[in-house]
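*Asks:* Which chain is which? The protein sequence lines are Y and L, in order.
Going by the numbering used here, the residue at position 179 of the first sequence is 209; the numbering climbs one at a time, nothing skipped.
Going by the numbering used here, the residue at position 100 of the second sequence is 192; the numbering climbs one at a time, nothing skipped.
Derived by calculation from the structure, the hints in this document are not laboratory data.
There is no bait here: all hints are sound.
Listed next, with one range per pair, are the computed distances between beta-carbon atoms:
#, chain 1, residue 1, chain 2, residue 2, range
1, L, Arg289, Y, Ala299, 22 to 30 Å
2, Y, Thr123, L, Ser454, 27 to 35 Å
3, L, Thr191, Y, Ala43, 52 to 60 Å
4, L, Gln305, Y, Val334, 51 to 59 Å
5, Y, Asp111, L, Pro522, 32 to 40 Å
Glycine included, every Cβ here is placed at the ideal spot set by N, Cα and C.
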Amino acid sequence: MARFLVRRILGSAATLLGVLVAVFLLLSAAPGDPARLATGGAPGRRAASSEALEAFRAVHGLDRPLPARLATWLGAAARLDLGRSFRDGRPVTRRIAETLPATLTVNGLALLLAAGLAVPLGVWGARHPGGTADRVSGLLLDALFSLPSFALGLLLLLLFSVQLRWTPVFADPSLGLRGIALPALTLALVALAPIARVTRRAVGEALSSPSALSGRARGERPREETMRALRRAAPAFTGLCAALVPQLVAGSVLVERVFGLPGTGQLLADSVFSRDLPMVLGLTLVSGVAVVVSTLAADAAAAVADPRIVDGEGT
Amino acid sequence: MKRPLAALALFLAACAGPVGKDQDRVLHRRLEGEPQTLNALISTSDPENVVIALLQRNLLDYDEKLNLVPGLAESVDADESRLVYTVTLREGVRWEDGTPVTSDDVKATLEALVDPNTPALYRRSFFADLDKVEIVDARRARVTFRKAYAAQRDAFNLPLLPARLYRGTDVATNPANRRPLATGPFRLASWEGGTIRLVRNTQYFGDPPAFEQVVLRVVPESSSAFQGLVTGALDESRLNAVQRVEAAKDASLREVRYDEIAYTYLAWNNRLPQFSDARVRRALTMLIDREAIARSLYGGLARPANGPLPPGLWPYDPTLPPLPHDPAKAATLLDESGWKIGRDGIRTRAGVALSFTLSYGSASDRQRQIIELAQRSFREAGVAMALAPLEWGAFVEKVDAGDYEACSLSLNLDPNPDLRPNWHSSQVPPSGMNHAFYRNPRADALMDELAATFDRDRAKPLYAELQRIIAEDQPFSFLHTVSVAWGVRTRVENVKSSPVGLWLFWPGAAGWQPARAAKPI
Numbered sequence: 031m032a033r034f035l036v037r038r039i040l041g042s043a044a045t046l047l048g049v050l051v052a053v054f055l056l057l058s059a060a061p062g063d064p065a066r067l068a069t070g071g072a073p074g075r076r077a078a079s080s081e082a083l084e085a086f087r088a089v090h091g092l093d094r095p096l097p098a099r100l101a102t103w104l105g106a107a108a109r110l111d112l113g114r115s116f117r118d119g120r121p122v123t124r125r126i127a128e129t130l131p132a133t134l135t136v137n138g139l140a141l142l143l144a145a146g147l148a149v150p151l152g153v154w155g156a157r158h159p160g161g162t163a164d165r166v167s168g169l170l171l172d173a174l175f176s177l178p179s180f181a182l183g184l185l186l187l188l189l190f191s192v193q194l195r196w197t198p199v200f201a202d203p204s205l206g207l208r209g210i211a212l213p214a215l216t217l218a219l220v221a222l223a224p225i226a227r228v229t230r231r232a233v234g235e236a237l238s239s240p241s242a243l244s245g246r247a248r249g250e251r252p253r254e255e256t257m258r259a260l261r262r263a264a265p266a267f268t269g270l271c272a273a274l275v276p277q278l279v280a281g282s283v284l285v286e287r288v289f290g291l292p293g294t295g296q297l298l299a300d301s302v303f304s305r306d307l308p309m310v311l312g313l314t315l316v317s318g319v320a321v322v323v324s325t326l327a328a329d330a331a332a333a334v335a336d337p338r339i340v341d342g343e344g345t
Numbered sequence: 093m094k095r096p097l098a099a100l101a102l103f104l105a106a107c108a109g110p111v112g113k114d115q116d117r118v119l120h121r122r123l124e125g126e127p128q129t130l131n132a133l134i135s136t137s138d139p140e141n142v143v144i145a146l147l148q149r150n151l152l153d154y155d156e157k158l159n160l161v162p163g164l165a166e167s168v169d170a171d172e173s174r175l176v177y178t179v180t181l182r183e184g185v186r187w188e189d190g191t192p193v194t195s196d197d198v199k200a201t202l203e204a205l206v207d208p209n210t211p212a213l214y215r216r217s218f219f220a221d222l223d224k225v226e227i228v229d230a231r232r233a234r235v236t237f238r239k240a241y242a243a244q245r246d247a248f249n250l251p252l253l254p255a256r257l258y259r260g261t262d263v264a265t266n267p268a269n270r271r272p273l274a275t276g277p278f279r280l281a282s283w284e285g286g287t288i289r290l291v292r293n294t295q296y297f298g299d300p301p302a303f304e305q306v307v308l309r310v311v312p313e314s315s316s317a318f319q320g321l322v323t324g325a326l327d328e329s330r331l332n333a334v335q336r337v338e339a340a341k342d343a344s345l346r347e348v349r350y351d352e353i354a355y356t357y358l359a360w361n362n363r364l365p366q367f368s369d370a371r372v373r374r375a376l377t378m379l380i381d382r383e384a385i386a387r388s389l390y391g392g393l394a395r396p397a398n399g400p401l402p403p404g405l406w407p408y409d410p411t412l413p414p415l416p417h418d419p420a421k422a423a424t425l426l427d428e429s430g431w432k433i434g435r436d437g438i439r440t441r442a443g444v445a446l447s448f449t450l451s452y453g454s455a456s457d458r459q460r461q462i463i464e465l466a467q468r469s470f471r472e473a474g475v476a477m478a479l480a481p482l483e484w485g486a487f488v489e490k491v492d493a494g495d496y497e498a499c500s501l502s503l504n505l506d507p508n509p510d511l512r513p514n515w516h517s518s519q520v521p522p523s524g525m526n527h528a529f530y531r532n533p534r535a536d537a538l539m540d541e542l543a544a545t546f547d548r549d550r551a552k553p554l555y556a557e558l559q560r561i562i563a564e565d566q567p568f569s570f571l572h573t574v575s576v577a578w579g580v581r582t583r584v585e586n587v588k589s590s591p592v593g594l595w596l597f598w599p600g601a602a603g604w605q606p607a608r609a610a611k612p613i
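The following block holds chain Y by itself, in its conformation from the complex:
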């Protein structure tokens, strides 16, 4: 087991390193001079003096060759120093620390909500397959899944903030649950379909397995039967949750824009457009670590539940 985990961790670290190098090279190769953008350049406007541009480049090391810059960044990142933002000169770690709590809270709440709604729906569908309710809910979930989160967010905003006036128009974590309900709900609704479908299939399989039949023969009550089926489906869930993390990260970018939530999603979008390389790398690292850790956790959980996974992997 330990050996399995070490291999997985090493593999993940290599993937993460590859992603960071790719982002670094892509953003450095992309047209658009960060020095000009950071100093507010626009065609036809009074330009920053060349001294100011050179000073900016010197401060941020942009005058050095790419491999040297990459090596410096990686070395510093290993010491958890992610450098300073091109735009306001503040440490990247501080900017991330300021925005991360809001994004984490919203995403955590979204996952809870999604699981809380989708698992019962999936179970219900598995127990009554092919019924009208099963088909209707399937259609509805597919519709939610295929709606862009941006549009879905706006619809929810119109309904709950403008018509019903239950929630504030703009997300505000300081208001507690009410302040972040809509962004969380938007992300949750998009994630409903995959969770419900996995639940429905896994529980359906478990219910039709021989052990379920024998359970029923023993006179097991439907509730106990369902719980057992759910336990058997656990590996599928953990895998799914890991798969949802990148989806939530991407969704955050749009949802935070709609609800004016000052989170890491917005920070990432702003940073990409202004070629704020240290910021983009820092955020890539953080979201990359989140994806890697959740995947690892899922693998480990799956391995615990089903030791054959480790055996298959080993030697």
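Knowing the structure of chain Y, use the given hints to seat chain L on it.
*Replies:* Then chain L, alone, in the frame of chain Y:
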């Protein structure tokens, strides 16, 4: 099936509650993006300027007609030579911590401004010819320039930095950029999580503002901001065409407009054989139905531009007619200039086809529609225009380098404009911003003369001639001057507009009042 729905209802019910009742004395404003700095010297974005306009007075401020009026300085006077300006601060002007604003702050601010390491891109250009700054006494500083320049006094539309926090520091990364000391009607109370809260500055020398607090929210998305405006979470937000129609039906909103001192244009790279003849450039402008575009795509909030100055600026010549929409005349002009229609329907001259690529950066829907309409009109006249959308950063780089054939852009002008950076033949890329590569000796001479003409009555006819020459040459196809519509909640009164918008003049948003307090006490 019922349980999940019940859970959803429970969740939303748990969230429900009265949306916080606004206090009358709090003004809720929108920021279209997150400010990076509140240092007025190095600010570059609109959101930054929205906040700074409430925090800082300038030495001289513009009023709503763009006249310079006293601000932190009671006067800024030039001597006979127009080289030496004496800045006299008002008596009793203080920073928010109670310490006096002195001539040393003026000196330190100007020194920081001309320091090449300070990214004060916009403001430094006004002090390019600064020679020295001397302290006369605590309230007076003498500022000497190496050259006399007609619009030099406008450079004193300048905020101050406190000398004791900035002298000898790196201005770009000074921590005071996020915790500025105010000299204006409000001071910063907090800035966190995309929300900036301002409260009255008790040390402010002028009358206290009518609102006690201003809360500014970062709301990048226009449709969300509009919902905020409708529900009262915001008191103001820019309106697009669709939102204007909606806002007109809402009794709690009113529309405030201003004519931007800006124009949109299609730039032609005059060095290329396709664009080297002014008749071709005039023909291209005459092929575009700018009146129809103003009606249909701008909802009437635009008019055809007549030349390089927009209305609202003092030297603007209203008697200069914009080129008409006249495809027949345009065809004649193209024929006369030697571009004849070939077998494929495209005009050619001496083996060169009248075809080119127009680049644009991160265009709005409207800009794209205008470009496509122009493309269709051009095609009918035998002119082939290909389109190349580019990412903004990449686009900026190409245009600045002069490495493009045609491009679509807009230009914002200064309240007291200098046309040299964009039109003088000495200012071509890569070092300058005359990206049309426009060259006209008479225009050059007029611009040079205007830079040294201090009397506006004498300058006006020179400006009129200059506008006529540039309009005749059409180095760009000047498209539209545009009005901007803002939605403001009726609970806010005394909202005035100027060519620089609703707040980049004095008193701007500092003069807004809650409806109940609108009448003078």
